[in-house]
Each structure stands twice: as C-alpha cells, then as structure tokens.
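Enquirer: Assembling the complex is the task here: the two chains are given apart, and the hints tell you how they should meet.
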Amino acid sequence: MSGIQFPKPDPSIIARRETIIAGLAALVAPDSLITAEDERRAFETDALTAYRRIPLAVVLPRTTEELSAVLAFLHKEGVNVVARGAGTSLAGGAIPQEDAVVVGVAKMARVLDIDYANRTIRVQSGVTNLSISGAVAAERFFYAPDPSSQLACTIAGNIGMNSGGAHCLKYGVTTNNVLGVKMVLVDGTVVEIGGPYLDSAGLDLLGLVVGSEGQLGIVAEATLRILPMPEDARPVLFGFPTSEAAGGCVAAIIGAGIVPVAIEFMDKLAIEICEDFAHAGYPLDVGALLIIESEGSPAEIDAELARIVAIAKDYSVTTIKESKSAIETAAIWKGRKSAFGATGRVADYICMDGVIPTGKLPQVLHRLNEIVAELGLRVANVFHAGDGNLHPLVLYNINDPAEQAKAEKAGEEILKLCVEAGGCLTGEHGVGIEKRDLMPFQFNPVDLQQQMRVRAAFDPGWRLNPAKVFPLEGRVAA
Amino acid sequence: MNSVTPKTEAEAAEAVNTARAARRPLGIEGGGTRAGLGRPVAAQTRLSTRGLTGITLYEPSELVISARAGTPLNEIEAALKDKNQALAFEPMDHRALYGTQGEPTLGGIAAGNISGPRRISAGAARDFLIGLRFVNGRGEIIKTGGRVMKNVTGLDLVKLLCGSHGTLGVITEATFKVLPHPASAATLALYGLADGKAVAALCAALGSPLFVSAAAHLPAGLATPEPLTLFRLEGPQASVDERLSALRRTLAPFESGEALAPDYAGALWRAIRNIVPLVSPPDAAIWRISVQPTRAPKFVDLLLKQVAARYYYDWGGGLVWLSIAATGDAGAAAVRAALVQAGNGQTIGHATLVRAPDDVRRTVDVFEPLAAPLLKLTKDIKASFDPDGILNPGRMYAGI
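Protein chains in written order, with my numbering: chain A, 1 to 478; chain B, 1 to 400.
For reference, chain B alone in the conformation it holds in the complex (with noise of 0.2 Å):
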C-alpha cells in the first residue's frame, strides 16, 4: 500500500487534492492501534496523520487543549498530568483488543469518538470535544467550533466529525476540554449478584445523589470465581470517603460490599474500559451494544437462547460487552433478533461490531443499520463533505 504522511495541514490538504484529482480514496490512519474498527476501507493509498503532532494550546486554567491530529495520546495525557488535569472521557484504548502495537493519537480519538467508563457521569469524547481542524474530501481547510466551552455559532460540524471515523474529513487539529483529576478514587466490590439484581444495584447507585463515576458488572469468571459488582466514586480525599460510607447504606438492600484497593482496582477499571476480560480468544468477535442499563439482563437471556457468549456490563449495564465465536456472521443476526424480542418487538438498543476478520467486517453490518432516511440523510451529508468518496470509503456503511 502506498503512503503518504504530511507534515503540515496544506500538504494533508494537497495530498487529498492529489487523491482527488486521481479519484484514488484514501485510507486515514493515526497511530494505526484501531485499524480493525468499523468496515474494512476500499482504497490503496493511506494518508497518515503522524507527521502532524504537537501541542498547540494548553491552558489549564481555562481547562482546554489542542493538538496536532497524530499528537500521541500519551503526550497529551502527560502534559495534562503534570497540571494534575486529565482527559475525562477516559479514553479505551483498543491494542490489546486488536493486537495492535504504535501509539493511540488524539486525532484517533476524536475520529472515532473513544471513551470509557466514565463517559457514564462524565460524557463521551464527544461531549469534551469543542472545536477541530480538518481537511474534507473536497481539499478544503476547515475550521469548526473552536477553544471556548460554549459555542453556539452556525452548525456543530464538531459532533458530527466526532465519530464519523475519517469519513467526513482528515482531523488535523482537536481542542478538547479538559478536568482535573481526580484527587482520590474508591471502589466498592459487591460480590455475588446475579446480572438482573447487580443492574438493579448500579441503577439504585446511580439515582443517588452519591455522584457515582463509574458501574460496571462482571459475570462469574471473569475477573474473579464469583460475578462482581463495581462502583467507582472520585473526588476529594474527605469527600470520597463519606459518599463511600453513604453508599454502603444506599446498596445495603443488596449486599455488603468492599472496598477494593487502589491500585487493584485502578487495574480493573482500565481492564474493564479496554475489554481485556474479553480480548481471549483472540479469534472471537467483540460486539459492543447500547442498551437501556434495566433492560440489558433481558437482552443478555434472551441472546443466550441462541448463541454461546462471554459478556459484562460498563456504564450501569448501559454497555454491554460480548465475545461471540467470529464463524458465520459472528453473532449478527442473533444480537439483532435479541435487541428487538427483549423491547417486544421494537429495538432497545444498537449493535456495533467492534471486532471481527475482514471478511466477516465487508458482509455483516458493523454499525446498526439507519432506518432509510436517516441513511439518505448520512449519504447526503458524506456527500456534502467528500463528493467523490475519497475519504475512508465504506468505513461506517456501504458507499459511507
């Protein structure tokens, strides 16, 4: 495969002139950890955002930063670091899912709007993401939203490229807000729930005024004999431990809990955020599904009725994560069928597939299919971005 990394804007902006004047698409790469997200791309020459790195703007009393797309995620995060501010979003990082080495960008991670746990209490990349530079498929330089919290003037093209994994335009520069850490964090473990009464348990701790930051649910085997329940709060020291105290009494219907240590539980959040509990066998599909957290259990029975899966829950049981053998069509027809039979005949959620062989990727849907006019719409607005498919074609949907 061909490449080419520009070093500067007006050359990325060049080299999809040059692939446009040749109708050659071009596949856009980062740090190359995700390649294995979303379809597989139709197009001989990558563009590589590599050469574009460096941090443009770091204000942390006005909590924002910016950065080149192919800035190194854990530049960013060491810069934040040293002001003790973070990204929120806490983003995945997907290499051991795929086996991928290099290093995650910050471009990556607005391309394909990656979060994790927190994204619960917090939001997603998408909701810290305030302003991009980027170049279209038309050639064009573009300039969206900008380094403010609040700003409500004209489109938010930053949502929109937020996610669209390249398809809409080569990001070449991201202004994201950021927080501060987190000065302390705890944990509570509830061991033994079974998953319709450990959702229970996360809804309950999350209508609570406890600020929980994050919930996820392990069945039995994955991270420990038992299935396990986890709690995260975060704050200051003092404030920590009297929301612990409050929420021991908060889930005191369901069990009595315990409070993980720290570095153990730092562990197993960052496992949980990066699938590890699923990343075995290598060969199995990874599906990714968000659900409405009550009615996941169901959805999970109900799935199990018609394919042998390996899953747990982020997000309060809001994401559910599955490992399906890849053979076939990795589970796509069972998920589906299982989404629309658990909310009676309507779909409660969407499926995406996050992991599979390229082939399987080419024929099944990856992302849930758009009901018609929400994919003439996407069409429409693919077009209006890159009218001769040059960017990532095929990425996300057939021809998008």
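Looking at chain A on its own, in the form it has when it is part of the complex (with noise of 0.2 Å):
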C-alpha cells in the first residue's frame, strides 16, 4: 500500500554516489557521515511508518560551519537535501528519497548560552525541547512549548514544523517562542535572522522560516525566550457524559474571559487507553474528560479554578477530581503526553491533525465519528480544546492493506471536514508528505502559487526536502 506518491529518483545522482560521498567524508569526521545500507535504513522514515526510503547517505555536522560547508557541496553537486532533528515527525516531514542526502542535527546538541537576565537561552538547533527547559530548571525558568514528543524532538524539527503543545493555549506555539536563528541557506551561505530582542528589522523572515518544515533552510541555532515558571500550577480532571457537553463548556470557560494555561480533551476511547497505560487516575464511566490546569499562586489558582467548577455544573459534569501532589500532576500529564505511545500498544493508527473553531466542535466531532464508523474502523479523540487542534487516532491494522487505505481514508475526510468546519489540515504536525496532496484543498491554485513563489525565493531549484508540502504538479519558481 502506498497512496502517497515519491517522486522518481534521479538516476544521474544515483550514479554518483560515490562521488558524492567522498566529497562528503573530505568535509565531516569519519562517525558524522552514513554510508552502510543498514546504518542509512534507521533514517528511512520518522514516525509516519507506513511510509519508507533509503537516503543516498546521512551527514551530522556538528558544527554551523561543517553544516554549511555539506550544504555548499550537495549545493555544487545538485543533489536534494532532507533536513532531520530526530525524526519525530508525524506527518512524514523527514522521510528520505533515495537520490537524497538527510543532513541531520542530532550532533549539534549544545546548549551554546544561557542569559537569565533578559531571559534567552542561544542553543544550538539539535538540542531536545524537554532538555531546554532543564537547562534552565534550576533558575526557575522554562521553555514554553511542549510538544508531546518533548522528551525526543529538537528544536530543529519545532522550528520546521512551528510546534505546539498542551500549554500553548496561555503561552503560544513555537514562532511565539523564537526571537533568532542562525541559519544555512540551500548554497550553504550562513544567515542570522532575529536576534535576542523581541522585535527584528525588515520583513518577518524569522515568522516565515518557523513552519516552513525545511523547504528555506536548515537551522543551525536559536534563540529562544525562557520564561519564568509559575509559582505554582494544578490540572483537574473533568468528567462530562457526552463529548457535546464538554465542548460546550470549553467555549462557556473561554465566552466567561477565562484563559487556561492548557485546556485537553479526550474522549470514552482515549481516555480508556491512556489509564490503561499510565494509571493516572482518570475516570473511566464518562463520554468525555478535559483537563484544565490553572496556574499561579496557590490562592489564585483556587479562585480560577472555583469559576471553572461553576461553569462546569452548567455542563453535567460528573466527575471533578483535582490533582493533590506532585505526582499526580505528573500522572495526569504522562497519561495525556502518552496518548499517542499508549495507543501504540493497543492497535495501529494514524495521527490526524485538523484544527476546527471550537464553536464547531460538536457537530465536527459527532461527523468525525460518522466517517470513521462507516468505514468500519475506530478512533480515540485527544487534543488540545482551547485552541481546536484535534487529533483523532484511527486505528486500524498495519499489515492489512484494506484497513491501511480504510484509515487514510477516513483521515482524509476528516482533515476535508477540519477545512470544511472553517479550520484547516493541520495545527501542529504540518504538512510533510502526510498532508501534501490535500493542500489545494485548503488554498486555492493562486494562493499555493504564493507560498511557492516565496519557496523558490530561498531555494530555486527545489533541493530541500523537495517532495513536500506542496503538490508535486504545479509548482512555481519565484
């Protein structure tokens, strides 16, 4: 089964392999450069499985200026170039071709300064999201975006792919987060953009290149913003009977000018596989529970969790159960952060990404069950409510190539319905190759040719991570 297209290898670069990797192996030390086949096959996929190819060879640079000196040659030598953090992506942003080289940053994982002060922290762009973060624990400082994947992705990849995460509802995604990066261009020419104040000069490069899922650059650096951590914070458990009943109350908390710091919602489904795996304590005799955790001094997260309580009473909840400790914060925060690995454990699925108006959420959600029932299959709701980003996991069976074509089905009607709703395909995950076919869904041929005008712009001749985002057919040069 294989319903999403690669292009056709170039069989000229093929040809040259050898070549290529000789010139490669004069640039980088002997252990950042990947030749054997069964070394390269750990890079043929990310975390979209179903699909896999071997890249010609793997190079991580370890520093900005070996980065840009692979760049320049892969540049000389027209070959096509796949950008890779740690291949978390779910939506096949870093699957290889085979006339492609990946160009990694696992090797560039320092953290490079950390300045309290003005609350930054420079680190080099192979560094994981959780361990920023940890970097700057001890100061009481934190990095705020918290993708799920935080243990294993990098900044890298959260730049590429403008990730969010559970308290991104209070403190913004990624390009909130990003005041810099030093970047290499398609040529291997090096650029900083932004820098460690809050605004830049010129047009917003630094907003462009955030999402941009490695079609302008590869990033070598960053500068981010720490900010300092709440004094306190305590996620409550709410129990609803009905899905309805807890989107309703979502947008009652948000209509009453109440903005949580995370707002997470799961449904029968998914709440019944995530206590299975980390036993966090959530009930299991509702048809829906949210999350919410509220943040701050001990006196004002009761005060804004008492008004939460009220509305919630307007809404049938059932159950309210507020975190005690430490630990169970932490349970509850595992059992929502290990959704997607839990799931894992029960059957096969794919990942879904659309974001919807929350106003729209029930009727969304009541469809979205529709489609995945009369294709015969199931799925487990999580995501993050306050902002609409649903993530419904359809399961279905890996070595049944039925199921596999059922469940991309269902997926692709359900992100059409995500645009339909007046949302869009994808909040958080990105296109990647997942998605790249329902772009002209979305956007119209004038707008895509925009977007691709502005690509060619960085990367005329279409060498970074060239198969993606975009549909193969129609594209523009700047």
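Careful, some of the hints might be misleading.
Partial list, computed: chain A residues near chain B (C-beta under 8 Å) [as the list claims (entries may be wrong)]:
{"hint": "1", "residue": "A117"}
{"hint": "2", "residue": "I254"}
{"hint": "3", "residue": "D387"}
What the simulated footprint calls covered on chain B by chain A, stretch by stretch (three residues with Cβ under 8 Å from a Cβ of chain A suffice, anywhere in the stretch; the number is not a length) [as the list claims (entries may be wrong)]:
{"hint": "4", "stretch": "52-66"}
{"hint": "5", "stretch": "130-141"}
{"hint": "6", "stretch": "151-165"}
{"hint": "7", "stretch": "196-209"}
{"hint": "8", "stretch": "290-296"}
{"hint": "9", "stretch": "382-396"}
Derived by calculation from the structure, the hints in this document are not laboratory data. All residues carry an ideal CB built from backbone N, CA and C; glycine is no exception.
Expert: Shown next, in the form of structure tokens:
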C-alpha cells in the first residue's frame, strides 16, 4: 500500500553516489557520515512509519561551519537535501528519498548561552525540547512550547514544524517563542535572522522560517525566550457524560474570560487507552474528559478553578478530580502526553492533526465519528480543546492493506471536514508528505502559487525537502 | 496626487491591475495616521483601504475577530469592549507623534505590526494576527492563515505580511486572536533609580513568576522630576493584589515603591505607548531601538557621548525610544555606532528611524540595514509578490 506518491529518484544522482560520498567525507569526521545500508536504514522513515525510503547517505554535522560546507557541496552537486532533527515528525516531514542526502542536526546539541536577566537561551538546533527547559530549571525558568514528543524532538524540528503542545493556549507555539536563528541556506550561505531581542528589522523572515518544514534552509542555532516558572500549577480532571457537553463547557469557560494555561480533551476510547497505560486516575465512567490546568499562586489557582467548576456544573459535569500532589500532576500529564504511544500498544493508528473553530466542536466530532464508523474502524480523540486542534487517532491494522487504505481515507475525510468547518489541515504536525496532496483543498491555486514563489526565493532549484508540503504538480519558481 | 478608494476586494484587485498595466506605483494608505513611518514612497497614486470596512466575524467564545482592512480601530475596540475582550498587544497610536488626524485602521495595525507595552508579556501584533486576505502586486487575491489559533498549513505568509508596510500586498481583511480584557490592573512605581539600576529592577520583576505585563523606565524630567520606573500587573483583582505585595518584596532591594492611582497609571501607560514624553519638539527625529535590556543603558551612555538625545525605556529596557535633533543624518551614524560599541564590535540590536523629515528618511536607512544575503532574500521575496514594484515602492528599503 502506498497512497502517497514519491517522485522518481534521479538516476544521474544515484550513479554519482560514490563521488558524492567521497566529497562529503572530506568535509566531516568519519562518524558524521553514514553510508552503510543497514545504518542508513535507521533514517528511512520518521514517525509516519507507513512510508519509508532509504537515503543516498546521511550526514550529521557538528558545527554550523560543517553544516554550511555540506550544504554548499550538495548544492554544487545538485543533490536533494532532507533536513532531520530527531525524526519524530508525524507528517512524514523527514522521510527521505533515494536520491537525497539526509542532513541531521543530532550531533549539534549544545546549549551555547543562557542569559537569565534578558530571559533568553541560545542553543544549537539539535538540542531536545525538554532539555532546554532542563537547562534553565534550576533558576526556575522554562521554555514554553511543549509538544508531546518533547523528550525526543529537537528544537530544529520544532522550528521546522512550528510545534505546539498542551500549554500553548496561554504561552503560544514555537513562532511566539523564538527570537532568532542562525540558518544555512541551500547554497551554504549562513544567515542570522532576528536576535536576542523582541522585534527584528525588515520583513519578518523569522516568522516565515518557523513552520517552513525544511523548505527554506536548515537552522543551526536558535535564540529562544525563556519564561519564569509560575509559582504553582494544578490540573483538574473534569468528566462529562458526552463530548458535546465537554465541548460546550470549553466554549463557556473562554467566553467567560478565563484562559487557563491548558484545556485538553479526551473521548471515551482515548481515556481508556491512556488510563490503562499511565494509571493517571482518569474517570472511566464518563463520555469525555477535560484536563484543565490553572497556574499562579495557590490562592489564584483556587479562585480560577472555582470559577471553572461553577461553569462545568452548567454542563452536567459528573466528575471533578483535582490533583493533590506533584506525583498526581505528573501522572495526569503523563497519561495525556503518552496518548500516542499508549494507543500504539493497542493498535496501529494514523494520528490526524486538524484544527477547527471551537464553536463547531460538537458537529465536527459527531460527523468525524460517523466517518470512521462508516469505514468500519475505530477512533480515539485526543486534542487541545482550547484552540480547536483535534488529534483523532484512527485505529487500523498495518498488516492489512485494505484496512490501511480505509484508515487513510478516513484521515483524508476528517481533514476535509476540518477545512469545511472553517479550520485547517494541520495545527502543529505539519503538512510533510502526509497532507501534501490535500493542500489544494485548503488553498486555491493562486494562494498556493504565492507560497511556492516565496519558497523558490530561498531555494530556486527546489532541492530542500523537495517532495514535501506542496503538491508535486503545478510547482512554480520565483 | 490621484486617489483610488475601492469598495470591495475585487475593486482593490482591479486597482492594482490597472496600476500594474500602466506601470504606475501605488502608495497604500489606511487611515493615514502613520504616513511618516518608513521611507517616503515614490508613487503618484494613492490606494486607500478606507472603503473596505466592517467586522466580518466576531466569535467571543473562540477569541477571534475578523474585519476588512479599512475598519477603524475604534470600531473594533468598541465591539471587543462590549464583550469584555481586547487586542492584547495594545497597538500604539501614532497620531500624537506625527500630528496626524483620522482614524487608525485594523489593516494599518497588521501592515505595520503595531504593538505597545504589553508586547513584552503578551506578544506583538504579529503574534495575534492569524489570518489575512490581500491583493499582491500581480493583482491576485490571496488568502493565508485562517480563523483558528493553530495553523501550520503551508508557509506562514501572515507573519511575512505583518510588518511589511504594504510592500508585499494590499491587505483587504485581517483576522486577529483576542484575549479577555484584564479585570483589573495595578501599577507600581519606583522613584529615583539611575538607568542601570532601573533596568536591573525591571529584569528582576520580569524574571519573577508574578507575570508583570508591562515594565518601563523614564529618566528624570520626562513624566516626573525624578526618574520613574514602572511595573504593571493585570488580572482578577485578588490576583493583582496578591502579586502586588509579592512584587514589592521582589523589588525591596532596589527602592520602596508606590502603587499609582489607576486613572493616572492608565494615562501614563498610554503616554508611554504613544511616545508622548518625546513628542515635543515636533521637529526632532524619533528613533526606536530594539536591544537586550541589560545592554540598553550602556548603549544610551555611549550614544550620549556622541550626540544629545532624550530617551526612555519600554519593554523592561528592551525598547529604547530616542529623540535626537533631525539635522544632518538625524543621529543615524551615532545611533548605529553606539549599538556596535555597546556590543564590543558586534551590534546588540537594531534601530528604526520612526520620525524625521522626508528628505532625511530618503537618504538615511530608516530600517536597520540588512546583511547582503538577507537583503537579497528580501528583494527576491518582494519580487515574488510584486514583480513590477507597484506596491509602496521604496517604503522599507531602496527598491523594496
């Protein structure tokens, strides 16, 4: 089964493989160059494991200079480049091709500078998301965007995908927390965009680079905002008889002027799967669950939660379970953040990432469940309810090609449903290879052409991650 | 100057097409309150967005509002106030600075990425702008972003357009994320601190978990005879009260503070936002400098050795406003030299000439000069939107 088409590899590049490898070997240390087939196989896919291609070679530079030299060389040779962080992309953004060299930042993982007074940290882009918070935790600071894969994913990948997470309702996503990058362009040119201050000169190229999915360059270093940790934070589990009641409660909370730091939603199947894995104390006798986290001083948290509880009572809340300790808090979040992993224990699944206006939640959930049921499959719904970012996990058996086709069909229908509801195809996972062919559903040809012309201004030859994000047909140059 | 005022997006596209066919550049204008921002535009025809008005979507429970570009900002703010919401980036009003009349528009806010003191805690206009419709220089109507908070579908042209000063497209409709209006606010003032100590106090407050929403320092004689250092807390009343006590404890090593009367404090923050302390004399040049807060006092010291200037700090010191005589290069060389000296040979930030006579802004770099590869990218991006240079040519950089 292969619903998503890959471009045909360029035989002239594959024929020059030995020369290309020899050229790369002159630029980096031996342990930074991976050429053996069994070792390259480790880079053949990312977290969209249904698709895989073995790359021509893999290079893992240690410094910006090495990264620049590698890209300059590959540019001169006319070789395609696929950028890679930790390979946790759920949209296939880091899946290579046979005629492409994977350039990874895994060996560029140093914290370069921490400036508490100015509340910034400068890192090499291969550092993991969680280790950034870890580096500043002793001084009671943290880095806000917290994708579920934060233990493994790199800041390079976060910038590439504009990653979000549970706590982004209050703190924003990656683009709201990156101040500057040092980036290597396709021809090896090193540019600095932004810096350790709030606003930058000229066009907002930084805003463009964040979320560009490896199409504009490879980020070598990043300057990020760090924030003081709140005094305290406390999640509460709210159980509702139905998804509709839970969705209505979310709208009412926000309408009342309360924006908690996180509002997470799980439906019945997601609750069962996550509770079975994490033993977080999730109520099993409810139709849907909200995890609402409030932060501040203990008195502030008490006051905010009291207001939220009062609203929840209007929506037939059946369970209210407040975390009583740091251990309970950790368990509650472990359950939510391991939803994808826990689901993987139960079945194969595709994880969708559509966004809808939150007011459309009840209708969309209803239709979404119908779509999946009509195809004879099951779905677990987990998502960031405050900002309407749905993550339906469509369960299927990867060894059954017919079922995989059905699952992909369900995924496509769900994403179209999101767009029809006024939302979009992806909120935080990116387009990658997975949603590339759905782009014309959200954008008309003129919208897409403008994006592609901007892309081509950075990479006129379409060498960077070339088979991703934009449909293979109808590509335009600058 | 000729003027065209389309009433619909299609008419706006037609106006751009007509201009393109005639190779006659357009100067894009909203309410006309910020015409002095950027380099003077070389255009004989003005395209006004004032005919494109009206709120097109407002969903308070989704924290989102959309309106056509020429909608007056006060109309947006009134609608939001009705539901106890606000544009959290508290956009600056340039009318006092430029002595202009008229009404700022929502499109102007988006085109200029216009923000205020809360930028340090909440973000800038660009952080709240989630969707745009615009007409590019090819006369094409483009949609980018949308009405949902999270969206990573394709390239984020919303950010690119925000702050592009009309050089990439005529914005026809903008969608912003909004936030609840803070239920209450308190402002703590410390008196008599020298700049360096004041910035240290601002950094201490912003590094605490008390969620300071705005932080500024005005040297002696700007608002009060003594230097004045200000901290703003916002939120539910009980929370503000509690955090105010905690903030006093945090700042005890610096100076004992005084909570200001709410009306006075509100006026003071508006004045800081709108550069009122430096508005006079009206013929002086105004510079806006973005820097690392702790290096800002050194930058100012070095600058004052070269040129006379009045100044104050916003954003905890991360934004320095300067008033310098508009003679010669209006202080450009001195400002940019001091930015490099303060970084021991490497620039510590960037400078924008926000107000100066046309002939100065024509010859001096208004925005921070770009490194060669960034300038090339900027030119190529401009060409991808506007290949014939029809839209606000020269507004940001020569040819852009």
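Enquirer: With a C-beta cutoff of 8 Å, work out whether three or more residues of the stretch 382-396 of chain B approach chain A closely enough for the coverage to hold.
Expert: n = 4 at 8 Å, threshold three: holds.
Enquirer: For the hint on A/I254, does the least C-beta distance to chain B fall short of 8 Å?
Expert: Since the shortest Cβ distance to chain B is 5 Å, the answer is holds.
Enquirer: Quick one: see if chain A covers the stretch 151-165 of chain B, three-plus residues with Cβ-Cβ under 8 Å.
Expert: Since three or more residues must qualify, the claim that chain A covers the stretch 151-165 of chain B holds, with 13 doing so at under 8 Å.
Enquirer: Classify the hint on A/D387 as holds or violated, based on whether any CB of chain B lies nearer than 8 Å to its CB.
Expert: 4 Å, holds
Enquirer: With a C-beta cutoff of 8 Å, work out whether three or more residues of the stretch 290-296 of chain B approach chain A closely enough for the coverage to hold.
Expert: holds (count 5)
Enquirer: Three or more residues of the stretch 130-141 of chain B near chain A by CB distance under 8 Å?
Expert: With 3 residues closer than 8 Å to chain A, the stretch 130-141 of chain B meets the three-residue bar; holds.
Enquirer: Given that the stretch 52-66 of chain B was listed as covered by chain A, double-check it with a C-beta distance under 8 Å for 3 or more residues.
Expert: holds (count 6)
Enquirer: For the hint on A/A117, just tell me whether its beta-carbon gets within less than 8 Å of chain B.
Expert: This interface hint holds because 5 Å falls under the 8 Å limit.
Enquirer: Checking C-beta pairs, does the stretch 196-209 of chain B have three or more residues closer than 8 Å to chain A?
Expert: holds (count 6)
Comparing the model with each earlier hint shows no violations; every hint is respected.
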